[in-house]
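Keeping their order, the protein sequence lines are chains A and B.
Position one of the first sequence corresponds to residue 1 (this note's numbering), numbered consecutively onward.
Position one of the second sequence corresponds to residue 1 (this note's numbering), numbered consecutively onward.
Hints are supplied without guarantee of correctness; some may be wrong.
Dumping the calculated DSSO-like pairs for lysine-lysine here, alpha-carbon to alpha-carbon at most 30 Å [unchecked claim]: (1) A:Lys286 to A:Lys155; (2) B:Lys70 to A:Lys286; (3) B:Lys89 to A:Lys418; (4) B:Lys117 to A:Lys548; (5) A:Lys446 to B:Lys89; (6) A:Lys331 to B:Lys70; (7) B:Lys299 to A:Lys331; (8) A:Lys623 to B:Lys117; (9) B:Lys89 to A:Lys179.
Covered stretches of chain A (chain B as the covering partner; in silico rule of three or more C-beta atoms under 8 Å from a C-beta of chain B) [stated by the list, open to error]: (10) 336-347; (11) 517-530; (12) 534-545.
Computed Cβ-Cβ distance ranges for the label pairs, DEER-style [what the hints assert, rightly or not]: (13) B:Gln338 to A:Thr337: 30 to 40 Å; (14) B:Pro183 to A:Pro365: 53 to 63 Å; (15) A:Glu262 to B:Glu121: 28 to 38 Å; (16) B:Gly123 to A:Thr337: 14 to 24 Å; (17) B:Asp7 to A:Asn415: 56 to 66 Å; (18) A:Leu207 to B:Asp7: 53 to 63 Å; (19) B:His122 to A:Ile544: 49 to 59 Å; (20) B:Gly123 to A:Lys57: 40 to 50 Å; (21) B:Ser291 to A:Tyr109: 57 to 67 Å; (22) B:Asp7 to A:Lys862: 28 to 38 Å; (23) A:Glu262 to B:Asp12: 54 to 64 Å; (24) B:Glu154 to A:Asp329: 48 to 58 Å; (25) A:Asp329 to B:Ser313: 24 to 34 Å.
It should be emphasised that the hints constitute simulated quantities derived from the structure, not laboratory data.
Cβ atoms here follow ideal geometry from the backbone N, Cα and C, with glycine treated the same way.
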Amino acid sequence: MKNKPKKVLLLGSGGLKIGQAGEFDYSGSQAIKALQEEGVKVILMNPNIATVQTDEKFADGVYFLPLTDYFATEIIKKERPDAILLSFGGQTALNLGLALERQGVLKKYNVKVLGTPVSTIRDTEDRDLFIKRLSEIEVKTARSYAATTVVQAKKAARSLGYPVMVRSAFSLGGEGSGKINSEKELVEKLETVLQTVPQVLVEEYLLGWKEVEYEVVRDQFDNCITVCNMENIDPMGVHTGESMVVAPSQTLSNEEYHHLREVAIKTIRHLGIVGECNIQYALNPKNGDYRVIEVNARLSRSSALASKATGYPLAFVAAKLALGYALTDIKNAVTGTTTACFEPALDYIVLKMPRWDVAKFQGAPAGIGSEMKSVGEVMAIGRSFEEVFQKAIRMTAIGAHGFTANPPGNFSIKNYTKELKNPTTRRVFALAEALRRGASVSSIHKATGITSWFLEKMQNIIVVEKEVKNAKTLTAPLLRRAKQAGFSDIQIALLRGSSEDAVRATRKKAGVVPVVKQIDTLAGEFPSDTNYLYLTYHGVENDIQRGKQSVAVLGSGPYCIGSSVEFDWSSVQAVKALARAGKETIIINYNPETVSTDYDMSDRLYFEELSLERVLDIVDFEKPEGVIVSMGGQIPNNLALPLKKHGVPILGTDPDNIHRAESRHLFSDLLDTLGIEQPQWAELTTVSRAVEKASAMGYPVLVRPSYVLSGAAMNIALHEGQLIKFLERASVVSSEHPVVISKFIENVREIEIDGVAQRGNLNIYAISEHVENAGTHSGDATIVLPPQHTYLETVRRAKNITRAVIKELNITGPFNIQFLAKDNQLQVIELNIRASRSFPFVSKVTGHNFIDIATRLMLGEKIPERYQTVDLPYVAVKSPQFSYNRIKGVDPLGYVEMASTGEVACFGDTYDEALLKSMMAVGFRLPKKGIFVSIGRDDNKIKLLPELKQLHKLGLPIHATPGTAEFLKEHGVKSQIVHKLQSGRHPNVSDLFSKRAVDLIINIPTRAYSRSGATTKQMKDGYTVRRRAVDLGIPLITNLQLAEAFLAALFRLGKDELHVKRWDEYLDRI
Amino acid sequence: MKLFLKDGTQFDGTPFGHSGATSGEVVFNTGMVGYVESLTDPSYEGQILVMTYPLVGNYGVPHTRFFESKKIHVKGLIVSEYSEAYSHKDALHSLGEWLKKEGIPALSGVDTRMLTKKLREHGTMLGAIATERPRGKWYDPDLENQVALVSPSEVVKTGSGALTIVVVDCGSKENIVRLVSRPDVTVVRVPWDYDFTDIPYDGVLISNGPGDPTFCTATIAHLKKAFRLKKPMLGICLGVQLMVLAAGAKTYKLKYGHRSHNQPCIDVSSGTRCYITSQNHSFAIDENTLSKEWKVWFKNANDGTVEGIAHASLPYKAVQFHPEASPGPTDTQWIIDQFVDDVRVHAKTGSKKKNV
Ligand SMILES: Nc1ncnc2c1ncn2[C@@H]1O[C@H](COP(=O)(O)OP(=O)(O)O)[C@@H](O)[C@H]1O
Ligand SMILES: Nc1ncnc2c1ncn2[C@@H]1O[C@H](COP(=O)(O)OP(=O)(O)O)[C@@H](O)[C@H]1O
Ligand SMILES: [Mg+2]
Ligand SMILES: [Mg+2]
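Given the sequences, and given the hints that come with them, work out the whole structure.
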């Protein structure tokens, strides 16, 4: 290859957020592999420390820095790469790349954009240009008008006729878009949207059209292929990220399939894309007419899905094409013999289902539409629709057993007719309810716009359900029929009044067992050695033989709040360590956004459910030496005990001891026995007893269910009424496990230890402290390593407590323990005997791979102890990434229940530097226009006084609410009064926003832990400020300690003190 | 009902077409759409078709005008899952109803992946759909001239253009005829053994068709005559094989054929330009037997087999794949356009070029 670049800068995607999640770890990792194979040096810029792509020995250099033009320019100056890749880090990387180009940075430093040219990216991002370019080749797009004012928009809508679609350019995940039914709605919508974007498009609304996507690959020699097509089960209007999607399409005829394919290729050639892209269509089922909805000129969530759905490594191939290769130069990595210039033939069906977490947010609407809200997704593989559909529902891990035969409660939808018309996150269960109640397929089709074929298949499931329920005996053919329709053993047990174990036993005796099939990209036409596997009941022969000396790692399942890329990172590290130890490795996971589900990560990838039933099926077949449950977070952790009970060898800590830590009351008992301090607690038996206990310890009290992470259903009750309400909610979330209440301790700091042990002896640990006081969930907290404000004595005590606890539980492998700290006094709040969210962080900051060590210890290796993790010559800070902008109407206040969707971390020579960079990496900016301060309580005002007094140093206008302004004045700080909305006086909060006068808001609410919805007028004002800040993208701090830290850092540091250093430059100093 | 293979293997299945028995050569196709087009493709005459895509029948069966010939040509159909329910604007009835009407047996519930792997490893095999393993001789399509079974018996003229294009119909797919039909073209569709060199024509297209090309001795003889006329000629699938035989080269049978919509073919002259093609053939061209006058035009990027040839100096071209698609990708439809253009140019300048 001539003119191959020597050094390439790869832009990552930053913290995971709604609309842009783990899929870019997959695409970036593959790009790095592809480039390094070619001897090209890769410099990676990505502050997302929990990713696999930022691992040591992966890229040639990693910068954990904010993805802003300033830092990117500095990196370019320093590294002088000769090329840059923009299409592997989602919309973030693409936008950053466009900015660098616009500012002339790329030209100035002679950095070539590899792959799709910038002009093409512009053509696809700017909707006006896009429509123009497509009309040049007579490709149809939705009729649309650009509008910059409400008046223009009204005119456009009138000429199109309602409903119309309103969309904004340069956004992702359909942000700001939506169906508008009337002029009144239009005016309301535009008032907010036009504040954030200069222009909107008013489009014809494609009601009842099918939504279809193609993944297209093109090289510079004009070879162009479509790797996968996908059909959304939900019609147009429900964002593809919110839709259930099947691949390949199921209801398109040959003519439709190939017509759209032809248009795709024509369009992509005309646009001149080099690499990978995605094209979305609306297809009119009544007459076959089509519209192109959009082209994403980069790797996307859909391309990650397509990659996993077909086995075609899209990102890897795209990177090679960006270097200038032809598709025909590249081999199909699955077969190893055939060419990559082909279109995969599937002999199975896959179904993707979104995972939402809106229930975590009070006041969040459950409706779904053209804006993306889901936080993750799952993919099921099988050989019938019914099979993949029920699998996928289980995989979302929301407690459902499948489409039907579910536990009582959440999954029966009383108001199903309404939910069919106005889809919500519970739409599948509304469909099930309707079918169970005998609604006809045609009436459901009318209400939902879902193609009848899918509904007929869903109805089949209900038919089989009835058969299973009514049959006299469960014959082998009936069992097989049920399994082929995707029923789990639990569902069958539920229908038969039997137990999961009993059904399993009957089934095995009758010979009704699944077979293992391989994904080979060519539907069996050529042999392939790649063990990319799934299980199905539609078959009689296994494609493979069982492996030898294998160890299985259970992956993380779907990304959701509290469980994301960090657990995939841990799973991948474990697999690597196992491979180094000479084991044959097995991964079980089903999240298409992950690196662990790349088929070249393990010897055998089972793209399968993480349910007891399915893991046992795989164990029955593979008979592994051991199974690792401590890497993938809470889903595998919860399987530990059941697997042990079924005789599965678990590596690491004994599941009985895991149980003693997970069960809140057993653990509290244990701490009491060991004489370790903890907040006052009581096990909940009855509501009245709980009320009695709570008033004895005094409010506030904390309600905590067991076996959860991310503080699911955890709540702070300020009084008795709240307590009763919360107890009800908690018992729904965790019905099998007891709930405890503890005294909620205010004004204490929180620290945690991540560590690894062997047979109860500590091997390595890292201690980190939270910036925010306890009460902010550890997943939402800003975390500092090494600790800056913790006494050595505290560290010593924490370590001693840790030693005692891990000895008692005889821990082997990873664990995480959390403390409340007041001066030197420590109280334990919880212990997780598994890798925690912060393992990648502590591993990358200390330079010791905790998971590698843990895995080796679990295998029995002897490793000398090492403790040099406290005294580091630099500081790292981890910050949470929130996605509140996607969850409309919700109050963006920190709480004991986790709300962030991702995280980043940055290094610094000082705490201040690391903190500022880290906060900038999640969207904070150094303020330049003005600051708005509003602090509710007097004690908080006083606490923040030292910082407030220095605010004038920044030389920026200060705006404050009347009380705060008064306080500032008393202490000699000048500020402009901003009146409350209700006062009728000006300037008020709204004026401030519309003038765009501030770029930092510090709003410390009076009732910090309150979550019961805004009731008083004052609270409403605060809510308005916070919500508007989020909607307008203005940096917002609501936590006192974080405000202190941020302001202090601002005063002390200048911009030129935000150093641009590679990760290895920090580590080398140890 | 069961599917029996010659090697002794058998598969249980649930019948969903005609209830009778059948036998033929068992072949698999990896296309994910296009069962209507495939079933009506005359090239499948004498064969039992296995669909590797597991869900079949989803969009029903449309009006005959969407077909590739008047009837179903496969002798039987094997799928993993048949969908009785269907939904599509063009659908008139279900796949099962259609198969029943046309008397074609079909089985669902078969582990088609296992079956495909078997066919891949052993090569194409004879098989039967029946309740019991057939005794005596198994039907073998290679022992009979399949083309004679599917080729029309009369000459049919369509269109009224000034240019005459002869389509030698050895079992042509309708879409070939649809695509050469233009306002300025008269299409004369002739039986496989008709001596088209007798009629004045401007170009000739040798169609696809079933079975072993060596049976078509009459066509081969006519092609030899046509080579002397130096008029544009395009061969498709069986057509390429017949042209090769007429040119004195040889064909051979592939282990399990190419039947799919994703066969990559490289344009040898460019070196890097690769097309995704639709294919359905058992026999292939033996490159070593081609004379110097013939150049390899396309090669299969996966197994290196010859996918297209072109004459070094005369307007004769032929491809092993299906530029008319239907089913499958339409990437190479330009080959048919180019042929029609060649015919036009040649008709205009023919007198001058005659002695080239
Ligand atoms: N004209 C339209 N009519 C109805 N729905 C539409 C229309 N345009 C887009 N949508 C819906 O909105 C979703 C998001 O639009 P899209 O352009 O794909 O934005 P994004 O960049 O967020 O993916 C689509 O997936 C589709 O369901
Ligand atoms: N007794 C307590 N007093 C004050 N804050 C607490 C107390 N217990 C827990 N918290 C806060 O709640 C958060 C979540 O609690 P934790 O038990 O760690 O739940 P999870 O298992 O979801 O991580 C902690 O990070 C801490 O900030
Ligand atoms: Mg989209
Ligand atoms: Mg915790």
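Okay, the hints, checked on the actual structure:
At most 30 Å may separate the alpha-carbon atoms for a hinted pair to count; Lys286 (chain A) and Lys155 (chain A) meet this at roughly 29 Å. A C-alpha spacing of about 26 Å is found between Lys70 (chain B) and Lys286 (chain A), which places the hinted pair at or below 30 Å, so the restraint holds. For the suggested pair Lys89 (chain B) and Lys418 (chain A), the alpha carbons sit about 27 Å apart, so the restraint of at most 30 Å is met. Distance check on the hinted pair: Lys117 (chain B) and Lys548 (chain A) sit about 24 Å apart at the alpha-carbon level, within 30 Å; holds.
For the given pair, Lys446 (chain A) sits about 15 Å from Lys89 (chain B) by alpha-carbon distance, which is consistent with the 30 Å threshold. Only pairs whose Cα atoms come within 30 Å are accepted, and Lys331 (chain A) paired with Lys70 (chain B) is rejected, the gap being roughly 41 Å. Straight-line distance between C-alpha atoms of Lys299 (chain B) and Lys331 (chain A) comes to about 16 Å, which keeps the hinted pair within the 30 Å bound. Distance hint between Lys623 (chain A) and Lys117 (chain B) is fulfilled; the C-alpha atoms sit about 26 Å from each other, no more than 30 Å.
Our distance criterion of 30 Å between C-alpha atoms is met by Lys89 (chain B) and Lys179 (chain A), whose separation comes to about 26 Å. For a cut-off of 8 Å, the count of residues in the stretch 336-347 of chain A with a CB near a CB of chain B stands at 10, and the three-residue condition holds. For a cut-off of 8 Å, the count of residues in the stretch 517-530 of chain A with a CB near a CB of chain B stands at 7, and the three-residue condition holds. Coverage of the stretch 534-545 of chain A by chain B holds. Counting CB-CB distances below 8 Å, 5 residues qualify, and the rule asks for three or more.
At roughly 32 Å, the beta carbons of Gln338 (chain B) and Thr337 (chain A) sit within the given window of 30 to 40 Å. In this structure the supplied range 53 to 63 Å holds for Pro183 (chain B) paired with Pro365 (chain A), their Cβ-Cβ distance being about 58 Å. Restraint check, Glu262 (chain A) to Glu121 (chain B): a C-beta distance of roughly 35 Å satisfies the suggested window 28 to 38 Å. Distance hint check for Gly123 (chain B) and Thr337 (chain A): the Cβ-Cβ separation is about 18 Å, which falls inside the suggested range of 14 to 24 Å.
With their beta carbons about 59 Å apart, Asp7 (chain B) and Asn415 (chain A) fall inside the hinted range of 56 to 66 Å. For Leu207 (chain A) and Asp7 (chain B), the hinted distance range of 53 to 63 Å is satisfied, since their beta carbons lie about 55 Å from each other. In this structure the hint that His122 (chain B) and Ile544 (chain A) lie 49 to 59 Å apart at CB is violated, the actual value being about 19 Å. Taking 40 to 50 Å as the suggested C-beta distance range, the pair Gly123 (chain B) and Lys57 (chain A) conforms, at roughly 46 Å.
The beta-carbon spacing between Ser291 (chain B) and Tyr109 (chain A), approximately 58 Å, falls within the hinted interval of 57 to 67 Å. Separated by about 55 Å at the C-beta atoms, Asp7 (chain B) and Lys862 (chain A) break the suggested range of 28 to 38 Å. Checking the proposed 54 to 64 Å range against Glu262 (chain A) and Asp12 (chain B) shows it is violated: the Cβ atoms sit about 40 Å from each other. Glu154 (chain B) and Asp329 (chain A) have their C-beta atoms about 51 Å apart, which keeps the hinted 48 to 58 Å range intact.
Checking the proposed 24 to 34 Å range against Asp329 (chain A) and Ser313 (chain B) shows it holds: the Cβ atoms sit about 32 Å from each other.
Comparing the model with each earlier hint shows violations of hints 6, 19, 22 and 23; every other hint is respected.
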